[in-house]
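Colleague: Sequence:
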Amino acid sequence: MVAGNVVPLVDLTRLPAHVAIIMDGNGRWAQDRGMPRPIGHREGSESVRRTVRACRRLGVRALTLYAFSEQNWHRPPFEVEALMELLREFLLSEREELIANQIRLRMVGRRDRLPARVREVLDRIEGETADFHEMTLTLALSYGGREEIADAARALAMQAAKGELDPHRIDESLIDAVLPSMEVGAVDLLIRTGGEQRISNFLLWGAAYAELYFSDRLWPDWTEVDLYGAIESFQTRDRRFGRVSSDAQVATMDDLAPDAAPRAHA
1 MVAGNVVPLV DLTRLPAHVA IIMDGNGRWA QDRGMPRPIG HREGSESVRR
51 TVRACRRLGV RALTLYAFSE QNWHRPPFEV EALMELLREF LLSEREELIA
101 NQIRLRMVGR RDRLPARVRE VLDRIEGETA DFHEMTLTLA LSYGGREEIA
151 DAARALAMQA AKGELDPHRI DESLIDAVLP SMEVGAVDLL IRTGGEQRIS
201 NFLLWGAAYA ELYFSDRLWP DWTEVDLYGA IESFQTRDRR FGRVSSDAQV
251 ATMDDLAPDA APRAHA
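If you use the UniProt record's numbering, the sequence shown corresponds to residues 1 to 266, in order.
None of these hints come from the bench; they were simulated from the model. Among the clues, some could well be false.
Ranges of calculated distance between the beta carbons of each label pair, as one might list FRET restraints [stated by the list, open to error]:
{"hint": "1", "residue 1": "Asp166", "residue 2": "Glu128", "range": "34 to 42 Å"}
{"hint": "2", "residue 1": "Ser200", "residue 2": "Asp112", "range": "18 to 26 Å"}
{"hint": "3", "residue 1": "Gly185", "residue 2": "Arg154", "range": "21 to 29 Å"}
{"hint": "4", "residue 1": "Pro76", "residue 2": "Arg198", "range": "16 to 24 Å"}
Don't be surprised by glycine CBs; every beta carbon is placed ideally from N, CA and C.
With the hints as extra help, turn the sequences into a complete structure.
Modeller: Put into structure tokens, the structure is as follows:
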């Protein structure tokens, strides 16, 4: 959580290449104010705009937003319908800005479950922005990390059954290649707003070594300053990926040197 009016200092030379955000707290934001939950989702769309713009200005290469999970279909029908209509409105309203700022839009998740009116707009904007390289905005829609891995396993199994793939060739890099969410690379920084401290089936494969950042801020209240605070926290982390730090490695090698002087024991 960013304190007061202090704006965090971000080192532009050490930005996370891929930021992923679980945008939690829209419904609670509305309920706390005695409003219907869909109002919170509409307010949350403003936070999406702020965050996309801030990432583009900073130079973040990829931003993935958990917009609608596979499990969200179990919410009340009126809320699901409101979310789908809001998604369509958001895509239409942001089309020109995405194009003007050379931001590629893509989707991961089970596209066939989305209403046709949403798919039509999404398909069109994906096509119009497909050749942009400044930044990639990925919307996770009807998405689940387990489901994505299961779909990939099924596709590889079908190739193996047809004799098109030797099962012994299946390794991490091959799975990377068939997971749609990995097209923009592994997650460097995974943020969750709303006070919960779990990743809720989001990008399970790609977030294996992500730095996690949890904020109590409800998503409609999330600002650029909050994003800067998350990135500043990321930049203080020592990302070792299972290895020891370079300083620790030097110390260990010194300890193993055959002519190392004996250590005194207290």
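Colleague: Look at each hint and say if it fits the structure.
Modeller: So, going through the hints one by one against the coordinates:
1. Asp166 - Glu128: 34 to 42 Å: With Cβ atoms ~39 Å apart, the hint holds.
2. Ser200 - Asp112: 18 to 26 Å: holds, 22 Å
3. Gly185 - Arg154: 21 to 29 Å: Between Gly185 and Arg154, where Cβ atoms are some 23 Å apart, the hint holds.
4. Pro76 - Arg198: 16 to 24 Å: holds, 22 Å
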